[in-house]
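Participant: Respectively, the protein sequence lines represent chains A and B.
Be aware that the first sequence starts at 19, since it is given in this note's numbering, and climbs by one per residue.
Be aware that the second sequence starts at 19, since it is given in this note's numbering, and climbs by one per residue.
Bear in mind the hints are in silico, worked out from the structure with no lab data behind them.
Any given hint might turn out to be false.
Result set (PhoX-like, lysine-lysine): computed pairs, CA atoms no more than 25 Å apart in a straight line [unchecked claim]:
| # | chain 1 | residue 1 | chain 2 | residue 2 |
| --- | --- | --- | --- | --- |
| 1 | B | K99 | B | K372 |
| 2 | A | K294 | A | K304 |
| 3 | A | K294 | A | K251 |
| 4 | B | K372 | B | K304 |
| 5 | B | K81 | B | K99 |
| 6 | A | K304 | B | K304 |
| 7 | B | K81 | A | K294 |
| 8 | A | K99 | A | K110 |
| 9 | A | K99 | B | K245 |
What you are looking at is a predicted structure, and each value in this text was computed from that prediction instead of being measured.
Number of protein chains: 2
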Amino acid sequence: MDRRRCIIGQSGGPTVAINATLAGVIKAARQNGFDAIYGMVNGIQGFLENQMIDLIPLCTEEKMEQLIHTPAMYLGSCRFKIADNDVETKNKIFENLERIHITDVFYIGGNDSMDTVQKLSAHAAVTGSPIRFIGIPKTIDNDLEHAYYIPGYPSACQYVATTMLEIAHDAAIYPGHSVTIVEIMGRDAGWLAASASLVNQDGDQMVDLIYLPEVSFHMEDFISRVKTLLLEKQHIIVAVSEGIRDNAGQYIASPTGYVKDAFGNCSRSGCAAQLKQRLETAVNCKIRSIELNVLQRNAGHLANEYDLQNAVRIGETAVQYAMELETGIFVGSRYDAEYGLLFTKENISEVSNKVRAFPGEWIDRDQCQIKNDYIDYVRVLLAEDGMIHLPEYLRRES
Amino acid sequence: MDRRRCIIGQSGGPTVAINATLAGVIKAARQNGFDAIYGMVNGIQGFLENQMIDLIPLCTEEKMEQLIHTPAMYLGSCRFKIADNDVETKNKIFENLERIHITDVFYIGGNDSMDTVQKLSAHAAVTGSPIRFIGIPKTIDNDLEHAYYIPGYPSACQYVATTMLEIAHDAAIYPGHSVTIVEIMGRDAGWLAASASLVNQDGDQMVDLIYLPEVSFHMEDFISRVKTLLLEKQHIIVAVSEGIRDNAGQYIASPTGYVKDAFGNCSRSGCAAQLKQRLETAVNCKIRSIELNVLQRNAGHLANEYDLQNAVRIGETAVQYAMELETGIFVGSRYDAEYGLLFTKENISEVSNKVRAFPGEWIDRDQCQIKNDYIDYVRVLLAEDGMIHLPEYLRRES
Chain A
19 MDRRRCIIGQ
29 SGGPTVAINA
39 TLAGVIKAAR
49 QNGFDAIYGM
59 VNGIQGFLEN
69 QMIDLIPLCT
79 EEKMEQLIHT
89 PAMYLGSCRF
99 KIADNDVETK
109 NKIFENLERI
119 HITDVFYIGG
129 NDSMDTVQKL
139 SAHAAVTGSP
149 IRFIGIPKTI
159 DNDLEHAYYI
169 PGYPSACQYV
179 ATTMLEIAHD
189 AAIYPGHSVT
199 IVEIMGRDAG
209 WLAASASLVN
219 QDGDQMVDLI
229 YLPEVSFHME
239 DFISRVKTLL
249 LEKQHIIVAV
259 SEGIRDNAGQ
269 YIASPTGYVK
279 DAFGNCSRSG
289 CAAQLKQRLE
299 TAVNCKIRSI
309 ELNVLQRNAG
319 HLANEYDLQN
329 AVRIGETAVQ
339 YAMELETGIF
349 VGSRYDAEYG
359 LLFTKENISE
369 VSNKVRAFPG
379 EWIDRDQCQI
389 KNDYIDYVRV
399 LLAEDGMIHL
409 PEYLRRES
Chain B
19 MDRRRCIIGQ
29 SGGPTVAINA
39 TLAGVIKAAR
49 QNGFDAIYGM
59 VNGIQGFLEN
69 QMIDLIPLCT
79 EEKMEQLIHT
89 PAMYLGSCRF
99 KIADNDVETK
109 NKIFENLERI
119 HITDVFYIGG
129 NDSMDTVQKL
139 SAHAAVTGSP
149 IRFIGIPKTI
159 DNDLEHAYYI
169 PGYPSACQYV
179 ATTMLEIAHD
189 AAIYPGHSVT
199 IVEIMGRDAG
209 WLAASASLVN
219 QDGDQMVDLI
229 YLPEVSFHME
239 DFISRVKTLL
249 LEKQHIIVAV
259 SEGIRDNAGQ
269 YIASPTGYVK
279 DAFGNCSRSG
289 CAAQLKQRLE
299 TAVNCKIRSI
309 ELNVLQRNAG
319 HLANEYDLQN
329 AVRIGETAVQ
339 YAMELETGIF
349 VGSRYDAEYG
359 LLFTKENISE
369 VSNKVRAFPG
379 EWIDRDQCQI
389 KNDYIDYVRV
399 LLAEDGMIHL
409 PEYLRRES
C-alpha cells in the first residue's frame with residue numbers, strides 16, 4: 019500500500035457530536051495504517067496560515083473517550099468561503115497540503131463546508147493533483163440533502179425537548195394566565211424547532227403552537243390563536259424557529275439582530291422577543307420570551323449517546339471510503355427498516371450549498387403542530403430501541 | 019397522641035429541589051402518624067379559595083421518587099402578600115384551616131413566603147389558635163439569613179457552572195476575538211452568579227470577569243477591563259448578575275425589563291444585553307449576550323442528587339420540629355466540620371423579609387473574581403465527598 023497521510027478540518031457552527039466524528043476519523047485512520055494524522059486548526063482558514071497539529075497523541079483510549087464526549091470543536095472552526103475564481107487561495111491550500119505530503123483530506127461541516135470540499139476536489143481534478151477530499155456532515159440544522167439525518171441533530175433535539183418540558187413545568191406553577199415563547203435555532207429549516215413536538219406528558223402535547231420557517235408567519239393569525247387558546251387553558255407554550263418569515267419573505271426577527279457571515283448567511287435572533295412585544299399589545303397576561311441561544315447546540319451534558327456512537331461511525335465510514343480511493347464525495351445516510359441507519363456515498367456536488375427543508379407534509383398547518391410522521395422519523399435517531407426517553411416528571415391532576 | 023392533620027404549601031419561584039422538600043414533609047408526616055396530609059394548590063392564594071388536594075395518594079415509593087426528581091412546584095405557587103392590617107384575609111385562612119381540622123401548616127418558600135409564615139403564626143398567637151406554622155426555605159438565590167445554604171441553590175450552581183463551561187467551549191472555536199456576556203439570576207444577592215467561578219479547566223479560570231450586585235458596577239471600568247483582556251486572550255467570558263447596579267443604586271438592566279410583583283420586588287432582565295450594546299460602541303469584535311433565563315432554576319435534568327437528598331432531609335426535619343410542637347419557626351442550617359450539614363431551628367421573625375448578601379470578603383474586587391473561600395463553602399453543598407464534579411471536556415493545547 020502507498021503511504022497514506024491525512025488531515026482533518028472542522029468548520030461551521032459547533033455541535034455536541036462533531037468531535038465524536040473527529041474521533042471516528044482518527045481511530046479508523048490509525049487502524050488503516052495512516053502514517054500521519056493532522057488536524058487543521060480553525061479549518062481551512064487556519065490551514066492557509068499553516069496552523070495545524072499532530073493528532074497521533076490523541077490516540078489513547080482515554081483521550082478518544084474524552085474527545086467523543088467533548089462538545090464544540092476540538093480543532094476550532096472557521097466560516098471561510100473560497101471564491102470560485104480565487105485560484106491563488108486554492109493553490110496555497112494545495113501547496114500547504116503537498117508540503118506535508120497529505121493524501122487525504124477529511125472536512126467535517128455543514129452546507130457551506132461542503133462547498134469548500136467541492137471546490138477543492140474540483141481543483142484537484144483540474145490540476146491533476148492526487149489529493150482526495152471527503153466531506154462529512156455535521157449541523158444541528160439537519161438540513162443537508164442526501165442524508166436521512168445529520169449527527170449532532172439528535173442531541174440538539176434531546177436538549178430542546180428536555181428544556182421545553184422543564185420550561186412548561188416552570189410556567190405551569192403560577193396562577194393566572196401566561197404565554198411563554200421559546201426561540202429555537204434553524205436559519206432556513208425548521209428541523210430543530212420541530213423537536214418541540216416531542217414534548218408530551220401522559221399523552222398531552224405540552225407545546226401548543228410550533229412555527230417553522232417552512233410556513234409563512236402571519237402575526238394576526240398567531241395573536242388570534244393565542245387568544246383562543248387562552249380561553250381553554252391557563253399556560254400557553256409556543257416554539258418558534260429563529261428563521262420564521264412573513265408572506266413577503268421578510269424575517270420576523272427585529273432587524274437589529276441581523277449579522278451576515280462570509281457566505282451571505284444571516285444569523286439572527288430576537289423573533290421570540292418580537293412576538294412577545296406584539297402579543298403584549300393584544301392580550302393581558304404574563305408573556306415571557308426565551309432564547310435557547312448557543313446552549314442548544316453545545317450542551318454536552320445532554321448529548322445523546324446513540325447520536326455520539328453514530329457520529330463516530332460516520333467518521334469511520336469516511337475513512338473506509340478513503341481506503342476505496344474515493345474523492346469529491348460526501349458521507350450521506352439512509353434508514354433501512356432491517357439494518358437501521360446506513361451511511362452512503364454521495365457526490366459532493368449533490369449536497370453543497372443546498373438546503374433540505376422540513377417536509378411540508380409533516381406540518382399540520384391547521385393546528386400549527388407537527389404530525390406523527392416526524393415522531394416516527396426521529397424515533398430511530400434518539401436510541402437503539404427506537405424509544406424517545408425524556409425525564410418523567412410528576413404532574414398534579416387538576 | 020392528639021390527632022395531627024397537616025397542610026403543605028409552596029410559594030415563590032421554582033427550584034429543582036422544592037418538590038424533594040415536599041416529599042420529605044409528606045414522608046415524615048406519614049411516618050409520624052398524621053391522619054391527613056393536604057396540599058394547598060397555588061399556596062396561600064389558592065387556599066383562600068379552598069383549592070387543595072389530598073397528598074396521601076402520593077405515598078407510594080414510586081411516586082415519592084418521581085416527586086423528588088420533578089422540578090418546579092407540584093402544588094403550584096403564588097406571590098401573594100398578606101397586608102399587616104388585613105385581618106379579614108387572615109381570618110379567612112384560619113377558617114379554612116379549621117374547617118378541615120388542620121393542626122400544622124408547612125410552608126416552603128423564600129424570603130417573602132417566610133413573611134406569610136410569620137404573619138400567620140403571629141395571628142395564631144394573638145387569637146389563641148392552636149394551629150402551628152413552620153417555614154421551610156427554598157430559593158436558588160441562597161439569600162436567607164440563618165441558613166448555611168438553601169436547598170435548590172446547589173443544583174442551580176451545577177447548572178450555571180456546567181452551562182458556562184459549555185458556553186466557553188462554544189465561544190472558543192472561532193478565530194478572531196469575542197466577548198460573551200452571560201446574565202445569571204439573583205435580584206439582590208450574587209450567590210448564583212458567583213458559581214460561575216466554579217468553572218475552571220486544567221487550573222485555568224474559564225470565566226474572566228464576574229459581577230455581583232454586592233459591588234456597584236462602573237460601565238467605563240468594565241469596558242476598560244474588557245479592552246485589556248482582549249490584548250491578552252482571544253475569547254472573553256463575562257458572568258453578570260441580573261441585579262447589578264451603578265454607584266447611584268440604579269439598575270444597569272434596561273427599564274423595559276422591569277416588572278413589580280406583589281411584594282414590590284422587581285424582576286428584571288436585559289442587563290447582559292445592555293452591556294453588549296455599550297461594549298459594541300467601544301470594542302470591535304464579536305459580542306454575544308446570553309440570558310440563562312428560567313432554565314437555571316428549573317433544569318431537573320441537571321439536578322444535583324446530594325442537593326435533592328438534603329432537600330428531602332430538610333422537609334423531614336420540619337416535621338420533626340412539628341412533633342416537638344414548635345410554631346413560628348424556620349428550618350435553618352449550619353455546617354459542622356465533623357457532622358456536615360445540620361438543620362437548625364430558627365425564629366421566623368429572624369429571617370422573613372431579610373436578604374443575606376454574598377459575603378464582601380469573598381469578592382476579589384481588583385480582579386472582578388470570586389475568592390477561594392467561596393469554593394470551600396460550596397464544595398460541601400455539591401457532593402458528599404466535597405468534590406465539585408463538572409464534565410471534563412478535552413481542550414486543545416495551543
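Participant: Decide, hint by hint, whether the structure agrees.
Facilitator: Cross-check of the supplied hints:
1. At most 25 Å may separate the alpha-carbon atoms for a hinted pair to count; K99(B) and K372(B) meet this at roughly 15 Å.
2. A hinted pair counts as satisfied when its Cα atoms are at most 25 Å apart, and K294(A) with K304(A) qualifies at roughly 10 Å.
3. For the proposed pair K294(A) and K251(A), the alpha carbon gap of about 18 Å is at most 25 Å, so the pair holds.
4. Restraint check: the Cα-Cα separation between K372(B) and K304(B) comes to about 40 Å, which exceeds 25 Å; the hinted pair is violated.
5. With a C-alpha separation of about 32 Å, the suggested pair K81(B) and K99(B) falls outside the 25 Å cut-off, and the hint is violated.
6. Of the supplied pair hints, the one linking K304(A) and K304(B) is violated, its CA atoms being roughly 33 Å apart against a limit of 25 Å.
7. About 37 Å separates the Cα atoms of K81(B) and K294(A), which puts this hinted pair outside 25 Å; it is violated.
8. At roughly 14 Å between alpha-carbon atoms, K99(A) and K110(A) fall within 25 Å of each other, so this suggested pair holds.
9. In summary, the hint linking K99(A) to K245(B) is not supported, as the alpha carbons are separated by about 29 Å, beyond the 25 Å threshold.
The structure fails hints 4, 5, 6, 7 and 9 (numbered hints given earlier, in ascending order).
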